[in-house]
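*Asks:* The residues making up each chain are set out below.
There are 2 protein chains.
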Amino acid sequence: MNAIILSIGDELTSGLTINSNAAWLGQKLSALGIHCRLQLTVGDDQAAIVSAIRQSIGTCDVLIISGGLGPTEDDLTRGSLAQAMDEPLVQDQEALRDLEAFFERIKRKMTDNNRLQAMRPRSAACVKNSCGTAPGIIARCGGTHIFVMPGVPKEMKAMFEQAFQPLLQAAAEGVVRQITRLNTCGAGESWIGSQIADLMQRGANPAVGTTVHDGIVSVRIYASGPRDQVAAMIAEKTAAVRQRLGALIFSSDEITLDAAVTHELLQRHQSVATAESCTGGMVAMMLTNIPGSSHCFKQGWVTYSNESKAAELNMNPDLIKKFGAVSREVAGAMATLARCAARTTWAIGITGIAGPDGGSPEKPVGLVYISIAGPKSDDELYIRTCHFSGDRQSIRLRSSQMALTLLRLKLLGLDPDAILPP
Amino acid sequence: MNAIILSIGDELTSGLTINSNAAWLGQKLSALGIHCRLQLTVGDDQAAIVSAIRQSIGTCDVLIISGGLGPTEDDLTRGSLAQAMDEPLVQDQEALRDLEAFFERIKRKMTDNNRLQAMRPRSAACVKNSCGTAPGIIARCGGTHIFVMPGVPKEMKAMFEQAFQPLLQAAAEGVVRQITRLNTCGAGESWIGSQIADLMQRGANPAVGTTVHDGIVSVRIYASGPRDQVAAMIAEKTAAVRQRLGALIFSSDEITLDAAVTHELLQRHQSVATAESCTGGMVAMMLTNIPGSSHCFKQGWVTYSNESKAAELNMNPDLIKKFGAVSREVAGAMATLARCAARTTWAIGITGIAGPDGGSPEKPVGLVYISIAGPKSDDELYIRTCHFSGDRQSIRLRSSQMALTLLRLKLLGLDPDAILPP
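Residue numbers (my numbering), protein chains in the order written: chain E, 1 to 422; chain G, 1001 to 1422.
Worth flagging that the hints you see were computed from the coordinates, not collected in a lab. We put the beta carbon where it would ideally sit given N, CA and C, even for glycine. Where hints are given, some of them may not hold.
Claimed, not checked - Simulated restraints, written as ranges between beta carbons of each label pair:
#1 G:ASP1318 / E:LEU89: 55 to 65 Å
#2 E:GLU362 / G:ASP1357: 41 to 51 Å
#3 E:GLU100 / G:GLN1229: 20 to 30 Å
#4 E:GLY246 / G:GLY1246: 49 to 59 Å
#5 G:PRO1071 / E:MET1: 24 to 34 Å
#6 E:GLY324 / G:GLN1229: 28 to 38 Å
#7 E:GLY324 / G:ARG1244: 19 to 29 Å
#8 G:GLY1292 / E:GLY58: 56 to 66 Å
#9 G:GLN1162 / E:THR211: 48 to 58 Å
#10 E:ALA171 / G:ASP1214: 27 to 37 Å
#11 E:MET1 / G:ALA1418: 49 to 59 Å
#12 G:ASP1357 / E:ALA101: 19 to 29 Å
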């Protein structure tokens, strides 16, 4: 089976938005063993959309379209599809009822433009959108299956996985491609690469590679093979990578660092509190990202000013005077005092210099102290001195990720200094 | 003038690599006033490449090709271009000498495959590569200018800017395309669209369209015209949009909501504190994103448990017993008490149900109360009841964005209820 991906939007042709949807769909199709033979991208221009659809109909098994289903004047995909299929647009009664119910639920008035979102080519069907208002469309024309989805990535992904992937899975046969990702935090990409260099030979199957995304280094393992063998091929190579990287791996596939840490806490019925300075609430936000986190996250302080560290955490002001707000001593006190005040199993303290201002030769931008106070004894306290590079955003993100990583290793009963490269 | 961008590589069609080259080129072409009417992406497959080039020749002024110029078996662009142009491949003597000199310099043996990199269609010319081995190609066929560049982003960008951009600039004869974006928060895309529907007529120049990205609805204004007029065209249309949307617009172009709010606070030498429940620190994180925010953000509380609301904010526990932790009364008390404890000009209080669990018929998932305590009098307090749709992540994000929006409107001395749609 082969496919064409058609992406629609002026923001794509003008380069304002990078077309990550097409890459995501390409990966999904690959995994299903479907060859993407062409990607097309056109702007919000009916003639161009109609021409791209006509060019695709009859020349591929599957045409996947995303974008242009919104409620405004520049959303032209429905009309263009009908024109390319030589069919009139008709109102879909069920989709209209769903839309009306949606607006009823969020207590907003439905506009006439929203009503247009429930139109479809006569022989086509509407597909429910679980995360937004615009229904998708499924159609068949000239031997080509046509799937139309919204361009908003979250809505597109949910609709593809819920509605279209099962249909494609059933239709695709034989050789499949499977990908597994092992996610690490706490070591750089080149260090991770050096630990598994011999597993990364080019042309091997399964192939092993590394990627970095938002500070998380992932090891990807791809295998191509018969449907009944590919899982075993992946499992063997995965075991080899796990043996090398051990506890640096916090999850596989889509599981995020915050989810992995929250899971470890919930599983042990343990709780955590945070006292943050340079990360400004980011660690608390990560620890409350996951449903159910209210069972393990109790309380957070964002003590951005020196006065707030003293007033809210009952910190001895002399400590800040003597060592400075950015110091091992203050980081340690933040965790110890937060754990005590919130009566939690664990607490995290962070203080550092996120920049761009505020650095000095002794305490440069990127210097961050992270401490973990724990339950073993009243004075159990781990403190790590970190030097992060990059801009303010990445220093804040790396600091928060390192804090979660240190908490995770302590939860597992491990010594972070024995696991993380210096 | 109009252009087609053709990207070549299996890593693109399979989605392993996101096609950021096409977006970069789209922006460059827009800035030159050249309309990108189509982007095509095909794999390392000679038949597919030849077909894409043939389809483009004669249908656009400029065809920009990237990828497939390397020295390996799967680099097929040179041969495909010659085939599409019905010309033989010939050796370019100067490019060959450059290649030989390059390998001499790095003291490596030149392979036969490298020698192939100095081939070109007979009527074409080679273009020097300042950052790598593969020369580019410039050709003309069927009225279309053809520019071929390597796919490695650094080499592609350098070659485009050094060799092709000056040619295109001269050819584009002064017509340029300019884009401005006005960013709004607090109203949905369809509501924004309904306020400016008459400005969004299709085919107009400047053209007006809307996009949504991470909860922010932006109005984009594109104009094409002579270099000396386009700024005025944009300015006129921008003024018309601003007149309709007023204070809903928080910034233009790349300025984020957190930056806009931080700027308003700094400008007034005012300060803010936060008391968050369902957003778990996200508002504090946003208010500390921007360099210099330590001058206006003083302190944040993440009072996730009922006990922490009482203990840390000195909230009367009866309030929670009587009205529930998610109530107007508790939201109001959170802001008032946080402002008092942190001694700031403003404070934000948020409590709500981010889901997926914890909802009830009276208090469904998505119900969020946001309060702003202010400096006018001791009991100045604004409270808004919001109903957000979507999953946990988007409810948390929307709540945080709405909190910043409400603070922004109060900072400007405006009544949020008079500005935001109900």
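*Asks:* With reference to the structure, classify each hint as holding or not holding.
*Replies:* Hints versus structure:
Against the hinted window of 55 to 65 Å, the Cβ-Cβ separation of ASP1318 (chain G) and LEU89 (chain E) comes to about 58 Å, which satisfies the hint. Between GLU362 (chain E) and ASP1357 (chain G) the beta carbons are some 48 Å apart, a value that agrees with the proposed interval 41 to 51 Å. The given range of 20 to 30 Å is broken by GLU100 (chain E) and GLN1229 (chain G), whose C-beta atoms sit roughly 46 Å from each other. The hint said 49 to 59 Å for the Cβ distance between GLY246 (chain E) and GLY1246 (chain G), and at roughly 57 Å that hint holds.
Checked against the given bound of 24 to 34 Å, the beta carbons of PRO1071 (chain G) and MET1 (chain E), roughly 32 Å apart, stay inside it. The beta-carbon spacing between GLY324 (chain E) and GLN1229 (chain G), approximately 57 Å, falls outside the hinted interval of 28 to 38 Å. At about 51 Å, the beta-carbon gap between GLY324 (chain E) and ARG1244 (chain G) misses the expected band of 19 to 29 Å. In this structure the hint that GLY1292 (chain G) and GLY58 (chain E) lie 56 to 66 Å apart at CB holds, the actual value being about 59 Å.
Range check, GLN1162 (chain G) to THR211 (chain E): Cβ separation about 30 Å, and the 48 to 58 Å hint is violated. Restraint check, ALA171 (chain E) to ASP1214 (chain G): a C-beta distance of roughly 34 Å satisfies the suggested window 27 to 37 Å. Restraint check, MET1 (chain E) to ALA1418 (chain G): a C-beta distance of roughly 56 Å satisfies the suggested window 49 to 59 Å. Taking 19 to 29 Å as the suggested C-beta distance range, the pair ASP1357 (chain G) and ALA101 (chain E) conforms, at roughly 22 Å.
In this structure, the earlier hints numbered 3, 6, 7, 9 are contradicted, and the remaining ones agree with it.
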